[in-house]
Amino acid sequence: MTTTIYRAARILTMNPMCPEATHVAVRDGRILGVGPLADLATWGDYELDERFADKVLMPGLVEGHAHAMEGTLWRHTYCGYFDRIDPDGRVWEGLKSIDAVLDRLARAEAALEDPDAPLPGWQLDPIYFDNRRVTRADLDKVSATRPIGVQHASGHILNVNSRALELAGLLRTGINHPGIPLGEDGLPTGELKGPEAMTPVAMHVGFDRDMLACDARGLRDFAKLCVRAGVTTVTDLAARLNDDAVEMMLRVTGEPDYPACVVPLRFFLGLTAADLIAHAADLKARSTERLRMGRIKVVADGSIQGFSARLRWPGYHNGAPNGLWYIAPQHLSEIYHLALENDLMVHTHTNGDEATDLVLDMMETALRAHPHPDHRFTVQHCQLADTAQFNRMGKLGMCVNLFANHHFYWGDEHYRLTVGPERAERMNACRTALAQNVPMAIHSDAPITPLGPLFTAWCAVNRITASGRVQGQTERISVDEALYAITMGAAYTLKMDHEIGSIETGKRADFAVLETDPTKVAPMALKDVPVWGTVQGGRIFPAGAQ
Amino acid sequence: MTAGLLPATVIGGYLGAGKTTLVNHLLRNAGGLRLAVLVNEFGALPIDADLIEAQDDDIIAIAGGCICCSYGDDLTRALLDMTAMDPPPDHLLIESSGVAIPSMIVGTLGLLPGFRVDGTVIVADAETLCRTAADRYLGDTVLRQLRDADLLILNKIDLPTPRALADTCDWIAEQGLPRPVPARQCALPPEAVLGLVPSTTQPVPDPAPHAAFETLRLTPAAGCDPQALARRLTDPALGVLRAKGFVTDLRGTRHEIHIVGARADVSARATAPADGMVAIGLRGQLDTAGLNDLVTAPAPASAR
Ligand SMILES: [Zn+2]
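If you're matching them up, the sequences are chains A and B in order. Read the first sequence against the working numbering and you will find it ends at 546, with the numbers running on by one and no gaps. Read the second sequence against the working numbering and you will find it ends at 850, with the numbers running on by one and no gaps.
Simulated from the structure, these hints should not be mistaken for lab results.
According to the in silico footprint, chain B covers these stretches of chain A (three or more CB under 8 angstroms from chain B): (1) 170-184; (2) 196-204; (3) 263-273; (4) 322-329.
Over 12 angstroms on every C-beta distance to chain A, these chain B residues come out as not near it, computed from the model: (5) 574; (6) 676; (7) 706.
C-beta: ideal position from N, C-alpha, C; glycine also.
Looking at chain A on its own, in the form it has when it is part of the complex (with noise of 0.2 angstroms):
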């Protein structure tokens, strides 16, 4: 029973009841205790260890809306316009032209040995070219025998060679599908939107596995960018959780030296409510440390710059007609009943406000059958909300977690195009959440847009989109907010924060081991702060060892 205590230039506990101090103990994995040295030694014998002495130190970071399939794509070949860490610490620089790109890719295309070897990439995002469209000719020029195939950011347009579409049998006049446009020849331009039109081809060039699933060597790779983030709690928000993947992720979770607790959600497709509310209880019984489920994902709409998210008057700025649904509003409504029966959280995604709308009206009868003292079902995203449906989630004792990252990369866009000035001005109204009581979290959906809370925060503070304007002034929120929001905000939202999320005796061990203090800095230097790595359950993980 050996006591470590740990000095630090500061630690942020995220207690109010104690919100800073110099020392913090631990014993086995736990937080023993934190205040000053002399306090903390009332415990009887300990190891001082001052590795931390220049260091500030934050609860550990949790991020509550990611997948793990990020750590699956960093196989394949980043070509992204912003610069990105990959879980190995190499910084891939952003791609600045779509030459750029192609250069990367044929860089990469001469180092695979097998000549009939797919070639994926992934993160490509044309609007920051003015708009010019990657065509089938681009990529032939990287090679006309090998199939290519690079996925959009937003993960709704796939980039294609002509060797890829025609393995797939699409190099042919005569298609008329509307994720398809045609060149002047007549066969496809190589640019396929949507899910329907993508995955034919999808499996040609490398993208060939469950969307939604990740490999052993994913979730390890996960786990590094998840230490580099400072983050020692995610979520892997839509897992299948069949019995091999479940049997991986135990097993992988349970290596000694696995650095970080997952939460996946089990996805809620393919699966009667019931059904899918048994397989729940299961894998909650299975739970370990590091490894907890039970919860559930629902998806009710699309997304709003693939148009198919579901929006209430007055619809999309460009006129496009009204999204999707996911799922049929007697399917949520008999989930809600029955997760609330049987005690299992549920987490939705909505995007457009009209699907907000369903949400909360499903979730009123469901409470009203089955009234519950503490649910916290999360919508998720959430990403159009206005004051009067935040109103209403606070009153359901709802909790959200909202996409601030999005604001950075889409807001423009957002703006210009899909929903306007106005609404792409309140969208993810961290502000208003709070206002309306709203227990909140912000996430990055990571892969869509990089793990790492603190640059998270960075957007929830400033609302800066990647043109440099400020959009949304009045629902920026402060740095105390945004810190407070990536660690106990996001643990409340999945009922964990009774042992994670601060610095308190009695929780487990996780810190974000920082360079410099986050409430110091200029709130525009945010993002900036350096994460040295993390203390996970009691052990040191390094980033610069990862």
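Based on the hints, put chain B with the ligand in the right spot on chain A.
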């Protein structure tokens, strides 16, 4: 080269309309056809217990060599698996989820090799259709589904009052939708829903008589224009719900024609049975004289 193509019928409509009832009814009355069924999820669906021979995780084996698979959200993969089945099924039914837009599934089918889209059948609940179509969340989705219908089945006609039923039929007409086929428990002759398969090597058979439907055998004149003929068979005034047959064009090339309501499908066939067509319609609604005139009339000069 239709011989190797698997005909696929998309069955859509909102929850509770009777899609599952229809699937079970078709399985039960398949008459020796090997049907494959893809469903979005097992559950309220599935297959009537007495039809099930064996059940695996995502596959149910059904009496008569039919199978049923759940595709979750990966329809494309399930469809590709289907083309690899040996022996191949005779016909594929795809039951879409209650909020799916059937034309999107048809679009997916069109991108994959090995399928012939055999129309979209939408099942609507005669009692609740107007209410659902006015629902704030569902109205536009349900209308999009109905507009995708090649064949619209108005099920549960025994539930509403005659007055309400008439109102519903009026509403359907106002929306410019196909004339609905009324049904109770989706008990329709399979040949009206699925066409007259298999008939790749034999002449079209005479379907079994059915009280609400009638069948007309047509003998098309040789040297017709198959495309024009097919188009004209979709004229709602003729009352054709389903038609199938083989014809010979002016050059002597053989063609197979499929009609599902407003949808016409024509494909050249290297080998085909003797010329002949069968049309199915609601009893009293088939324009016998008009249809006979149509098939025996010589092809217009413009069609060469
Ligand atoms: Zn997500």
